[in-house]
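Given next are the chains, with one letter for each unit.
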Amino acid sequence: MQTKLDTGKSGNGKTSAENMAKHHKEISVSEFFLKNRHLLGFDNPRKALLTTVKEAVDNSLDAAEEAGILPVITVNMTAVKDAVDRYTIMIEDNGPGIVKANVPRVFGKLLYGSKFHRLKCSRGQQGIGISSAGMYGQLTTGKPVRVWSRIGKNKPAEYFELVIDTKSNEPQVLKQEEIEWDKDHGTKVIIELEGKYLKGRQSVDDYLKQVAIANPHAHIIYDSPLERVEFPAVVKQLPKEPKEIKPHPYGVELGILMKMLKDTKAKNLSAFLKNDFCRVSSKVAKEICEKAKLYVNARPSRIAIQEVDALYRAIQETKIMAPPTDCVVPIGEDILVKGLKKEISAEFYAAVTRPPSVYRGNPFQIEVALAYGGDIPADNLVKILRFANRVPLLYQQSACASYNAVLNTAWRNYNLSQSKGALPAGPVVIMIHMSSVWVPFTSEAKEAIASYPEIIKEMRLALQECGRKLGIHIRSVKRSQHEAKKKSYIEKYLPHIGIGLKDILGFSDKEEQELLEILKDVLERSRQ
Amino acid sequence: MTTLIKIKASAKQVYDKILKRKKPDMKFPLRSLSNVNYDPKKGYFELKGNYKERTLTVNTVKTFAQTLRLMALSKEILEKDDIATKREAYYVSKNWGDAKFSEQPESDSVMDDVEAMFEINREQLGFIPEEKGGDVAGELIVIDKDDKGKDLKIDCTKFGSGAYSIPSNVEVLKFDTKAKFILAIETAGMFQRLVKHNYWKKANCILISMGGVPTRACRRFIRRLSDDKKLPVFVFVDGDPYGMGNIYRTLKVGSGNAAHINEFFCVPQAKFIGITPQDIVDYKLPTHPLKDVDVKKIKDMLKNDPFIKHHKEWRKALEQLAKMKVRAEQQALAAWGLNYVISDYLPKKLKDPKTWLP
Numbered sequence: 000m001q002t003k004l005d006t007g008k009s010g011n012g013k014t015s016a017e018n019m020a021k022h023h024k025e026i027s028v029s030e031f032f033l034k035n036r037h038l039l040g041f042d043n044p045r046k047a048l049l050t051t052v053k054e055a056v057d058n059s060l061d062a063a064e065e066a067g068i069l070p071v072i073t074v075n076m077t078a079v080k081d082a083v084d085r086y087t088i089m090i091e092d093n094g095p096g097i098v099k100a101n102v103p104r105v106f107g108k109l110l111y112g113s114k115f116h117r118l119k120c121s122r123g124q125q126g127i128g129i130s131s132a133g134m135y136g137q138l139t140t141g142k143p144v145r146v147w148s149r150i151g152k153n154k155p156a157e158y159f160e161l162v163i164d165t166k167s168n169e170p171q172v173l174k175q176e177e178i179e180w181d182k183d184h185g186t187k188v189i190i191e192l193e194g195k196y197l198k199g200r201q202s203v204d205d206y207l208k209q210v211a212i213a214n215p216h217a218h219i220i221y222d223s224p225l226e227r228v229e230f231p232a233v234v235k236q237l238p239k240e241p242k243e244i245k246p247h248p249y250g251v252e253l254g255i256l257m258k259m260l261k262d263t264k265a266k267n268l269s270a271f272l273k274n275d276f277c278r279v280s281s282k283v284a285k286e287i288c289e290k291a292k293l294y295v296n297a298r299p300s301r302i303a304i305q306e307v308d309a310l311y312r313a314i315q316e317t318k319i320m321a322p323p324t325d326c327v328v329p330i331g332e333d334i335l336v337k338g339l340k341k342e343i344s345a346e347f348y349a350a351v352t353r354p355p356s357v358y359r360g361n362p363f364q365i366e367v368a369l370a371y372g373g374d375i376p377a378d379n380l381v382k383i384l385r386f387a388n389r390v391p392l393l394y395q396q397s398a399c400a401s402y403n404a405v406l407n408t409a410w411r412n413y414n415l416s417q418s419k420g421a422l423p424a425g426p427v428v429i430m431i432h433m434s435s436v437w438v439p440f441t442s443e444a445k446e447a448i449a450s451y452p453e454i455i456k457e458m459r460l461a462l463q464e465c466g467r468k469l470g471i472h473i474r475s476v477k478r479s480q481h482e483a484k485k486k487s488y489i490e491k492y493l494p495h496i497g498i499g500l501k502d503i504l505g506f507s508d509k510e511e512q513e514l515l516e517i518l519k520d521v522l523e524r525s526r527q
Numbered sequence: 000m001t002t003l004i005k006i007k008a009s010a011k012q013v014y015d016k017i018l019k020r021k022k023p024d025m026k027f028p029l030r031s032l033s034n035v036n037y038d039p040k041k042g043y044f045e046l047k048g049n050y051k052e053r054t055l056t057v058n059t060v061k062t063f064a065q066t067l068r069l070m071a072l073s074k075e076i077l078e079k080d081d082i083a084t085k086r087e088a089y090y091v092s093k094n095w096g097d098a099k100f101s102e103q104p105e106s107d108s109v110m111d112d113v114e115a116m117f118e119i120n121r122e123q124l125g126f127i128p129e130e131k132g133g134d135v136a137g138e139l140i141v142i143d144k145d146d147k148g149k150d151l152k153i154d155c156t157k158f159g160s161g162a163y164s165i166p167s168n169v170e171v172l173k174f175d176t177k178a179k180f181i182l183a184i185e186t187a188g189m190f191q192r193l194v195k196h197n198y199w200k201k202a203n204c205i206l207i208s209m210g211g212v213p214t215r216a217c218r219r220f221i222r223r224l225s226d227d228k229k230l231p232v233f234v235f236v237d238g239d240p241y242g243m244g245n246i247y248r249t250l251k252v253g254s255g256n257a258a259h260i261n262e263f264f265c266v267p268q269a270k271f272i273g274i275t276p277q278d279i280v281d282y283k284l285p286t287h288p289l290k291d292v293d294v295k296k297i298k299d300m301l302k303n304d305p306f307i308k309h310h311k312e313w314r315k316a317l318e319q320l321a322k323m324k325v326r327a328e329q330q331a332l333a334a335w336g337l338n339y340v341i342s343d344y345l346p347k348k349l350k351d352p353k354t355w356l357p
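Just so you know, the sequences run in chain order A and B. Sequential numbering from 0 applies to the first sequence in numbering that gives the first Met the number 0. Sequential numbering from 0 applies to the second sequence in numbering that gives the first Met the number 0.
What the hints contain is simulated information worked out from the structure, not anything from laboratory work. Keep in mind that the hints are not guaranteed to be accurate.
Said to hold, decoys possible - Distance condition first, Cα-Cα at most 25 Å in a straight line; then the derived DSS-like pairs of lysine-lysine: (1) A:Lys501 <-> B:Lys5; (2) B:Lys51 <-> B:Lys11; (3) B:Lys5 <-> A:Lys485; (4) A:Lys337 <-> A:Lys485; (5) B:Lys61 <-> B:Lys22; (6) B:Lys93 <-> A:Lys491; (7) B:Lys51 <-> A:Lys519; (8) B:Lys61 <-> A:Lys491; (9) B:Lys51 <-> A:Lys485.
Stated by the list, open to error - Examples of chain B residues lying across from chain A (beta carbon under 7 Å, computed): (10) Arg20; (11) Lys61; (12) Leu67; (13) Ala98.
Said to hold, decoys possible - If you anchor each label on the Cβ, the simulated ranges turn out as follows: (14) A:Gly505 <-> B:Asp81: 13 to 21 Å; (15) B:Lys308 <-> A:Gly505: 46 to 54 Å; (16) A:Ser487 <-> B:Lys308: 46 to 54 Å; (17) A:Glu513 <-> B:Asp175: 56 to 64 Å; (18) B:Asn49 <-> A:Val476: 35 to 43 Å; (19) A:Ser416 <-> B:Met323: 42 to 50 Å; (20) A:Lys382 <-> B:Lys302: 48 to 56 Å; (21) A:Arg478 <-> B:Pro357: 53 to 61 Å; (22) A:Ser416 <-> B:Lys302: 35 to 43 Å; (23) B:Val292 <-> A:Ser416: 27 to 35 Å; (24) B:Val292 <-> A:Arg45: 52 to 60 Å; (25) B:Val292 <-> A:Val476: 42 to 50 Å; (26) A:Pro354 <-> B:Arg20: 54 to 62 Å.
In this text, all values refer to a predicted model and were calculated from it rather than measured experimentally. All residues carry an ideal CB built from backbone N, CA and C; glycine is no exception.
Required output: the full structure, derived from the provided sequences and hints.
And the structure:
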């Protein structure tokens, strides 16, 4: 993170190093993000509502699933009376709750979380989401974050009012007490913040609908400022709990490697490589050390910067087995279709789950599902729903790998019309899901997936496979429509041949009937 | 009566095929310029003998039904000794439910198919066109019949600044005239000028205004008048590809579309007196540049029109026009004075057959 600016004017002696040193000081993380709130998705009042709901819902789903509970989540958004552009957002779940001691830091300290230090398919990654939402609320309304939490029937429910000290990045507890709560376990958070509620694309409504599509095991009740919408669960099984894995050597960057060397508990380099990474055997560790010209017994914390560089390059040059891929959890073809079916009424659904693959040492898996026809408007471009670890991505579509993959697929092969350089057109909703221990986003706001060649390739293959299924369906529909049209054509015009011939030749009605029977038979037979 | 027999025979053939469990079909001569021959001895476009077959299938069932119903309508009209205009026939079809025609060109096209199939004129089917046959002025008495069948003499000198209008059926007409020739004119404007200044009296001729491409009635009228009274026919049109290729060519040898009846609906003895490409040079006429469609039309005629291809003079004239890249209207003669056409142009041209085109 860039925390200082090089503004020193050197050479003319006007600003001395001592003077400049006076301006150098530590900047707190909270302070940094306060100035750069767009990086976290709080660019404007409308997006702020979405981001707040998104962070809270992500956390609720992750926590419930990890605890083996089918999630039931209530989202309530109400306009604050007598105030302009101000909303109260309440999110309540039936998850495991948070232990008393951790509540203040979970909601009142940035970069505190359970997910940053491990590699696992989870929705949240960095631990800045919900606390930044609280901070945004605090900044725009001055109101503290209110939290209810209970971890079990036999434990009391706790109530907190928190604010963040933006200088020290530490939570300040304004109020804490045991209270009565009718829930056995769960978490509830209320944040008051400046926001703007609008329907349509990129709205909270749109977001929750997409969450429901990708998480058909979750029951979501949503009270928007206008109405109550319920997304019932249609799957009674929790997704498989993802396995945690250690990082693969190919996936670490130089800076992270340095940090890992400093933080490791291993006593020597060989043990560090074997224990802190996956797929490194003693033999591979030895090979890496030899290539880097380092002793296998060297103390990790004593390795000099130049040596880290050599180690980094040695890793890239060594052949290491690909990481295990059983740690990625796909949604699955059946459940993808179930999710689409319950929220989008269409005439045809298809889904494809690709086998897992690896980019830069990170295992990942791509899934594509689509819905065609029915209530989907036919004269628009197709709609793309993008998901990363089951989280809908609503912004920066055109920067996303999935968008480019859709764009670069030849949809005309599958009977959709597509202008050059444009999305295909037709009554289609395409859903693309990337599941990975580390989804490569293009920015901190987690809005678009970066276009690694391996990722694009898997997306294209999945789209093509789904496209083929769609093409087969469209062609069969067209064929049967054509058949029906032919049939109605015959029924429409055949009687007139009878009338014409009868008027000219003057035969009886019975003869006319017989004639038409024969003619109909001859024509219908000739179609086969 | 022959028409009725043809209609019945055709319907019977369809009927028998169906009873034999075969797909019925109808055969039509192909109606296009590519299916005509030009025989200079006969003097008109003749069918070459290419046919299109319309077999009853799912795709043709609508047109097939419409064709049969139109034939039935024709039979009804003929039996009642009535007539129907093409437009009326189109409206009658509105009672046919799903088989109705949605636009008149559809019914016209089916009608053209039927007359071509029987190789007869549409009037013989009982259908008549709405279009006007053309205007006549000059030294001519047309002998028509009144509603009681008595002769009715019409003196074409007695219309003042107006004119006698050619009826749609000219077969019953008889003629009496002392005129020396017939002058067929493209535009009503030029016809008006010649009538106004009594040109027909000075030149002792019959003036006929065709108003664009001559109708079948107009062609037949000129043909019968010319045959009956042994009168030469001179044609005076705009000096452009349309005047030469469409108006004059259709009058003289007929059209590709109605090739099955060209024999009677053409005037092989007609001569083209102007405006020729050479006239544009000789009379220093004001011109307009040829449009793209004109250039295309010239190329097309040189390549595909059997009449033009046969006559070297016409090929040369069209090539000359293409080279000059201009066209001249009849009215361009007014640049030399409003009545220059009467005092100088027509007398000079009529005297000099070398300046004509065949």
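Hint-by-hint comparison with the structure:
1. A:Lys501 <-> B:Lys5: holds, 16 Å
2. B:Lys51 <-> B:Lys11: Satisfied, since the Cα-Cα distance of roughly 20 Å is no more than 25 Å.
3. B:Lys5 <-> A:Lys485: violated, 32 Å
4. A:Lys337 <-> A:Lys485: violated, 36 Å
5. B:Lys61 <-> B:Lys22: With a Cα-Cα distance of about 15 Å, the restraint between Lys61 of chain B and Lys22 of chain B holds, given a limit of 25 Å.
6. B:Lys93 <-> A:Lys491: holds, 15 Å
7. B:Lys51 <-> A:Lys519: holds, 24 Å
8. B:Lys61 <-> A:Lys491: holds, 8 Å
9. B:Lys51 <-> A:Lys485: holds, 23 Å
10. Arg20: holds, 6 Å
11. Lys61: Interface hint status for Lys61 of chain B: holds (5 Å vs cutoff 7 Å).
12. Leu67: Holds, because the Cβ-Cβ distance from Leu67 of chain B to chain A comes to roughly 3 Å (cut-off 7 Å).
13. Ala98: holds, 4 Å
14. A:Gly505 <-> B:Asp81: 13 to 21 Å: holds, 19 Å
15. B:Lys308 <-> A:Gly505: 46 to 54 Å: Given range 46 to 54 Å: holds, Cβ gap about 49 Å.
16. A:Ser487 <-> B:Lys308: 46 to 54 Å: At 48 Å between Cβs, range holds.
17. A:Glu513 <-> B:Asp175: 56 to 64 Å: holds, 60 Å
18. B:Asn49 <-> A:Val476: 35 to 43 Å: holds, 40 Å
19. A:Ser416 <-> B:Met323: 42 to 50 Å: holds, 49 Å
20. A:Lys382 <-> B:Lys302: 48 to 56 Å: holds, 54 Å
21. A:Arg478 <-> B:Pro357: 53 to 61 Å: Given a distance of about 59 Å, which is inside 53 to 61 Å, the answer is holds.
22. A:Ser416 <-> B:Lys302: 35 to 43 Å: Distance hint for Ser416 of chain A, Lys302 of chain B holds at roughly 39 Å.
23. B:Val292 <-> A:Ser416: 27 to 35 Å: holds, 34 Å
24. B:Val292 <-> A:Arg45: 52 to 60 Å: Roughly 58 Å apart at Cβ, these two residues keep to the hinted range, so it holds.
25. B:Val292 <-> A:Val476: 42 to 50 Å: holds, 44 Å
26. A:Pro354 <-> B:Arg20: 54 to 62 Å: holds, 57 Å
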